[in-house]
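Undergrad: The sequence shown maps to residues 1 to 325 in the numbering used here.
Incorrect hints may have been included.
Listed next, the in silico PhoX-like pairs over lysine-lysine satisfying Cα-Cα at most 25 Å (straight line) [stated by the list, open to error]:
#: 1; residue 1: K61; residue 2: K20
#: 2; residue 1: K278; residue 2: K61
#: 3; residue 1: K20; residue 2: K133
#: 4; residue 1: K61; residue 2: K31
#: 5; residue 1: K99; residue 2: K278
#: 6; residue 1: K31; residue 2: K133
Keep in mind that the hints were calculated from the coordinates and are not lab data.
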Amino acid sequence: MLIVDDEQDNLEYLTRVFHKEYDLTCARSGKEALDLLRRQPFDIIITDQLMPGMSGVELLKRSLEYSPDAVRIVVTGYPDIETAIASINQGRAFRFFTKPLDSAQLAESVRRAVGEVALDSENRRLVEELRTKNQLLEGLLKEKESQVEAQVASRTQELDRQIQLLRGALTHDEDSGALTAAALGGRLEEELTRATRHRHGCALVAVRIRGLNAYASRQGRARLAELLRMAHELVRLGSRRYDVIGRDRPDRFVLVIPMADGAGAVARADRLREALAKFPSPGAAEVPELGFDIATAAFPADGENAAALLAALDPPSTSPEPRAG
1 MLIVDDEQDN
11 LEYLTRVFHK
21 EYDLTCARSG
31 KEALDLLRRQ
41 PFDIIITDQL
51 MPGMSGVELL
61 KRSLEYSPDA
71 VRIVVTGYPD
81 IETAIASINQ
91 GRAFRFFTKP
101 LDSAQLAESV
111 RRAVGEVALD
121 SENRRLVEEL
131 RTKNQLLEGL
141 LKEKESQVEA
151 QVASRTQELD
161 RQIQLLRGAL
171 THDEDSGALT
181 AAALGGRLEE
191 ELTRATRHRH
201 GCALVAVRIR
211 GLNAYASRQG
221 RARLAELLRM
231 AHELVRLGSR
241 RYDVIGRDRP
251 DRFVLVIPMA
261 DGAGAVARAD
271 RLREALAKFP
281 SPGAAEVPEL
291 GFDIATAAFP
301 ADGENAAALL
311 AALDPPSTSP
321 EPRAG
């Protein structure tokens with residue numbers, strides 16, 4: 001792990017958080033960090049944003065040349081939406097944290113990121129194994145076509161099954177970093193159980209991305225993943241630490257807000273609407289239909305279980321007006 005900060009107190013704090021789990025190297029500037037990166041790759045890079053000479057985003061952008069697969073995290077004491085978007089879009093940052101730091105949340109995010117990178121690497125290995133085996137078997141088809149075709153189908157099915165098992169173990173969406181639909185449903189049920197037991201509210205805010213299919217077809221898979229991660233980061237920056245964010249559909253994020261009522265959900269939706277109005281997605285000018293719809297629902301007024309609340313976030317089919325937003 002490479003930790004970069006121009007303030008010694010911050011370096012010492014991050015060292016205390018991570019020294020038991022990782023081999024640490026510290027740098028006091030972006031230039032010093034790049035010198036270290038030229039000599040050896042790092043698996044994790046945590047950098048402050050505001051440093052003399054070179055910003056954290058610029059450092060992460062330049063680090064792609066030396067450690068392209070590293071987990072990248074930006075820390076800042078002066079958060080703004082533009083910096084958050086730049087850290088993801090230019091520096092391929094996994095997360096964007098604001099000071100004062102929550103050491104447990106930061107450590108958990110690093111562990112999760114490292115785990116996802118490992119799973120992604122195993123995914124690629126399995127896909128490459130599948131490709132290699134298929135090429136070998138295709139060569140054998142000339143001699144034993146019918147027999148080898150059966151072997152190809154069997155091996156392909158087995159490798160596909162292994163890949164699906166790996167993906168099913170993920171609690172976070174590969175593209176956006178938000179909770180998967182299954183994980184979101186589980187967390188929502190837990191919050192509703194607590195809300196029922198303690199007799200307090202629970203609210204949801206949904207952010208649906210219009211024109212997502214058109215964007216994906218015109219911009220490609222890589223740009224789509226950037227858009228989803230940036231949208232998730234904007235929703236996260238407007239949330240509390242104990243709120244839950246998941247992607248229950250390909251085009252929709254859902255924010256679960258414990259101990260909140262319908263009015264609280266509407267207020268949060270208004271803040272999200274202001275943030276998303278500044279959303280400069282790459283290639284958005286080529287997809288004019290790209291936009292955001294925001295809806296809210298509250299427990300128990302709009303539903304008494306997870307399925308009913310998620311369904312309540314959809315606008316009524318009989319009305320031309322959206323439910324909210």
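Undergrad: Give a verdict on every hint.
TA: Evaluation of the provided hints:
{"no.": "1", "hint": "K61 x K20", "in the structure": "28 Å, violated"}
{"no.": "2", "hint": "K278 x K61", "in the structure": "22 Å, holds"}
{"no.": "3", "hint": "K20 x K133", "in the structure": "41 Å, violated"}
{"no.": "4", "hint": "K61 x K31", "in the structure": "13 Å, holds"}
{"no.": "5", "hint": "K99 x K278", "in the structure": "23 Å, holds"}
{"no.": "6", "hint": "K31 x K133", "in the structure": "45 Å, violated"}
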